[in-house]
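Position chain C against the provided structure of chain V, taking the given hints into account.
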Amino acid sequence: DAGVIQSPRHEVTEMGQEVTLRCKPISGHNSLFWYRQTMMRGLELLIYFNNNVPIDDSGMPEDRFSAKMPNASFSTLKIQPSEPRDSAVYFCASTSTPTSSYEQYFGPGTRLTVT
Amino acid sequence: AQSVTQLDSQVPVFEEAPVELRCNYSSSVSVYLFWYVQYPNQGLQLLLKYLSGSTLVESINGFEAEFNKSQTSFHLRKPSVHISDTAEYFCAVTLTTSGTYKYIFGTGTRLKVLA
Chain V
1 DAGVIQSPRH EVTEMGQEVT LRCKPISGHN SLFWYRQTMM RGLELLIYFN NNVPIDDSGM
61 PEDRFSAKMP NASFSTLKIQ PSEPRDSAVY FCASTSTPTS SYEQYFGPGT RLTVT
Chain C
1 AQSVTQLDSQ VPVFEEAPVE LRCNYSSSVS VYLFWYVQYP NQGLQLLLKY LSGSTLVESI
61 NGFEAEFNKS QTSFHLRKPS VHISDTAEYF CAVTLTTSGT YKYIFGTGTR LKVLA
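These protein sequence lines are chains V and C, in that order. Under this note's numbering, the residue at position 94 of the first sequence is numbered 94, and the numbers go up by one with no gaps. Under this note's numbering, the residue at position 64 of the second sequence is numbered 64, and the numbers go up by one with no gaps.
Incorrect hints may have been included.
[To be verified] One side only, chain C facing chain V, incomplete, derived with CB under 10 Å:
1) ASN24
2) TYR25
3) VAL29
4) PHE34
5) GLN42
6) GLY43
7) GLN45
8) TYR101
9) TYR103
No lab work stands behind these hints, which were simulated from the structure alone. Don't be surprised by glycine CBs; every beta carbon is placed ideally from N, CA and C.
The shape of chain C in the complex, shown without the other chains:
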């Protein structure tokens, strides 16, 4: 069975410091991997995804994640965070069924950026 583990439920970090949010998955088949962000009182938005090709993927606002097949990880990083990055971040993998697919989400990591 596929599953996603986000070990850190909360990560406090000072503004302009680097951050890494960890995500590990278990799957017996090839997967697609995603990071979604949820700002307070909003729905989830796609931040970045890995489908194939380069194992390092980037978002438009400076986040990046690297797919590591041997370690079954897809950690999210940013070299310098801003107050506006305060949000909850969800890692997800896909599970395909009969030509459709669904996500398996992790439990989320709350990133709190401190001034």
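The following block holds chain V by itself, in its conformation from the complex:
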């Protein structure tokens, strides 16, 4: 298995532009998580889906952020408009639920820089 796939790996954009991050979970996994990592705030859970349905989006910072999961093999995280404070590494992770292992599998991340 290729693992969790994220694209792009790096994104540099100007303030005010729309940014779309993409994630393909491991085949067969039915839960997907979006995280944001910064030096100041550490690793934050933004939103997670189960069977393509958003379960908890309480970590989404504001209305500029939105996430979708149109099918079991694809999810997007969109920031519109982007701001310099959105600069971070964004990780996607997937797992199966119910589960006996409780292990999440992380993608390599997308490093976003907003200038």
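Using the frame of chain V, we list chain C on its own:
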């Protein structure tokens, strides 16, 4: 509310010396506990976990952690570290909701192994 505390943001240690990375959690219910490792420019990988049974759990690369319910701790130890152990280590607990679960992560501890 559940929370995870990693008191040490950075731990420098010489190669072949022992190390302990501390993790304390607060929860009013039973929890599952995890340590994840993040190498530079990579996503997180599961290092070890406690779900039930023996309170001492081990990883394949020599790390171990002990679940201590009375002290609400899950400290990570290694008797002799290698340069290659240099990474950031995250402690996490699970929070279950409606048949799914999410992690509550600590802020991470950067382990720097010195030659």
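Tested hints:
The beta carbon of ASN24(C) is not positioned within 10 Å of any beta carbon in chain V (closest approach about 16 Å), and the interface hint is therefore violated. A cut of 10 Å between beta carbons decides the hint on TYR25(C): the least distance to chain V is about 15 Å, and the hint is violated. At its closest, the beta carbon of VAL29(C) sits 15 Å from a beta carbon of chain V; the interface hint therefore is violated under the 10 Å criterion. Taken as an interface hint, PHE34(C) checks out: its beta carbon lies about 7 Å from the nearest beta carbon of chain V, inside 10 Å.
With 10 Å as the threshold, the beta carbon of GLN42(C) comes within range of chain V, its nearest partner Cβ sitting at about 6 Å, so the hint holds. Of the supplied interface hints, the one on GLY43(C) holds, with its beta-carbon coming within about 3 Å of a beta-carbon of chain V, less than 10 Å. Because the closest C-beta pair between GLN45(C) and chain V is about 7 Å apart, less than 10 Å, the hint holds. The interface hint given for TYR101(C) holds, since its Cβ lies 7 Å from the closest Cβ of chain V, which is under the 10 Å cut-off.
Annotation: interface hint on TYR103(C) holds; nearest CB of chain V at approximately 7 Å, less than 10 Å.
Hints 1, 2, 3, counting from the list given before, are not met by this structure.
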